[in-house]
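Whenever a hint applies, use it, and build me the whole structure from the sequences.
One letter stands for each residue in the lines below.
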Amino acid sequence: DTGVSQNPRHKITKRGQNVTFRCDPISEHNRLYWYRQTLGQGPEFLTYFQNEAQLEKSRLLSDRFSAERPKGSFSTLEIQRTEQGDSAMYLCASSPLAGAGEQFFGPGTRLTVL
Amino acid sequence: AQTVTQSQPEMSVQEAETVTLSCTYDTSENNYYLFWYKQPPSRQMILVIRQEAYKQQNATENRFSVNFQKAAKSFSLKISDSQLGDTAMYFCAFMKRGGIQGAQKLVFGQGTRLTINP
Numbered sequence: 425d426t427g428v429s430q431n432p433r434h435k436i437t438k439r440g441q442n443v444t445f446r447c448d449p450i451s452e453h454n455r456l457y458w459y460r461q462t463l464g465q466g467p468e469f470l471t472y473f474q475n476e477a478q479l480e481k482s483r484l485l486s487d488r489f490s491a492e493r494p495k496g497s498f499s500t501l502e503i504q505r506t507e508q509g510d511s512a513m514y515l516c517a518s519s520p521l522a523g524a525g526e527q528f529f530g531p532g533t534r535l536t537v538l
Numbered sequence: 003a004q005t006v007t008q009s010q011p012e013m014s015v016q017e018a019e020t021v022t023l024s025c026t027y028d029t030s031e032n033n034y035y036l037f038w039y040k041q042p043p044s045r046q047m048i049l050v051i052r053q054e055a056y057k058q059q060n061a062t063e064n065r066f067s068v069n070f071q072k073a074a075k076s077f078s079l080k081i082s083d084s085q086l087g088d089t090a091m092y093f094c095a096f097m098k099r100g101g102i103q104g105a106q107k108l109v110f111g112q113g114t115r116l117t118i119n120p
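If you're matching them up, the sequences are chains A and B in order.
Under my numbering, the first residue of the first sequence carries the number 425, and numbering increases by one thereafter.
Under my numbering, the first residue of the second sequence carries the number 3, and numbering increases by one thereafter.
A few of these clues could be false.
To be verified - Derived pair list, reagent style SDA-like, types lysine to any residue, alpha-carbon separation capped at 25 Å:
| # | chain 1 | residue 1 | chain 2 | residue 2 |
| --- | --- | --- | --- | --- |
| 1 | B | Lys75 | A | Glu468 |
| 2 | B | Lys75 | B | Gln53 |
| 3 | B | Lys98 | A | Ala524 |
| 4 | B | Lys98 | A | Gln465 |
| 5 | A | Lys481 | B | Ser30 |
| 6 | A | Lys481 | B | Gln4 |
| 7 | A | Lys481 | B | Tyr27 |
| 8 | B | Lys98 | A | Gln474 |
| 9 | A | Lys435 | A | Glu492 |
| 10 | B | Lys75 | A | Gly525 |
| 11 | B | Lys98 | A | Leu485 |
| 12 | B | Lys98 | A | Arg455 |
| 13 | A | Lys481 | A | Val537 |
| 14 | B | Lys57 | A | Ala522 |
| 15 | B | Lys72 | A | Gly523 |
| 16 | B | Lys57 | A | Pro520 |
| 17 | B | Lys72 | A | Glu468 |
| 18 | A | Lys435 | B | Pro43 |
| 19 | A | Lys481 | B | Gln46 |
| 20 | B | Lys75 | A | Ala524 |
| 21 | B | Lys80 | B | Thr62 |
| 22 | B | Lys98 | A | Gly509 |
| 23 | B | Lys80 | B | Thr29 |
| 24 | B | Lys98 | B | Thr7 |
| 25 | B | Lys98 | A | His453 |
| 26 | A | Lys435 | B | Met91 |
| 27 | B | Lys98 | A | Asn454 |
| 28 | A | Lys481 | B | Ile48 |
| 29 | B | Lys98 | A | Gly525 |
| 30 | B | Lys98 | A | Ala477 |
| 31 | B | Lys98 | A | Leu484 |
| 32 | B | Lys72 | B | Thr62 |
| 33 | A | Lys435 | B | Arg45 |
| 34 | A | Lys435 | B | Pro42 |
| 35 | B | Lys72 | A | Gly525 |
| 36 | A | Lys435 | A | Pro531 |
| 37 | B | Lys98 | A | Glu492 |
| 38 | B | Lys80 | A | Ala524 |
Hints were generated in silico from the structure; no laboratory data involved.
In structure tokens form, the structure reads like this:
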């Protein structure tokens with residue numbers, strides 16, 4: 425399977441714990457995006473990488489959130505001191521540098537904070 | 003900032019019927035893309051159709067077509083001969099067309115839950 429993969433698919437944690445999610449984009453894609461989707465809503469942009477450079481961060485990304493893409497390949501999204509409001513689906517997408525705008529989405533990581 | 007509005011939270015039609023999903027957006031940009039994405043139940047989001055703002059011709063992909071009205075900032079999706087597999091959440095999305103380091107994020111609407119009944 426050469427699509428975008430995300431791990432874990434589901435994560436249940438207690439409030440106050442730290443969690444980390446991983447995204448592996450399509451191998452030749454330079455751009456990688458993180459979105460958050462709450463139940464019944466459209467995805468909201470969190471952050472965007474071009475290769476290893478983090479080029480844009482949403483105001484939704486509080487100080488408790490950090491994302492990295494150290495070698496321009498896979499990316500991690502860490503949430504520290506989780507809160508119940510962090511419960512959501514976290515989606516990763518990737519796209520090539522030269523393309524017609526389409527982003528290819530992974531299956532998402534569903535986070536539940538108890 | 004751009005906003006995307008989908009005014010139909012849910013729609014339901016019979017198999018083989020034609021259905022139109024509405025989307026309006028607000029932007030001051032002149033160069034952008036518009037998309038319709040489909041998110042089937044418990045499955046990942048996939049692209050249905052794409053429209054470049056500078057193209058006047060409406061995009062079509064098999065049974066899917068759009069009605070792009072740039073001046074009205076409207077971008078509706080028509081699904082012809084609907085099939086059971088079309089049951090999904092449908093999201094309208096906007097992307098500003100930027101340079102190498104320009105904004106590439108998608109701005110999504112709230113979604114329309116479409117059910118195709120047998």
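Failing hints, ascending?
22
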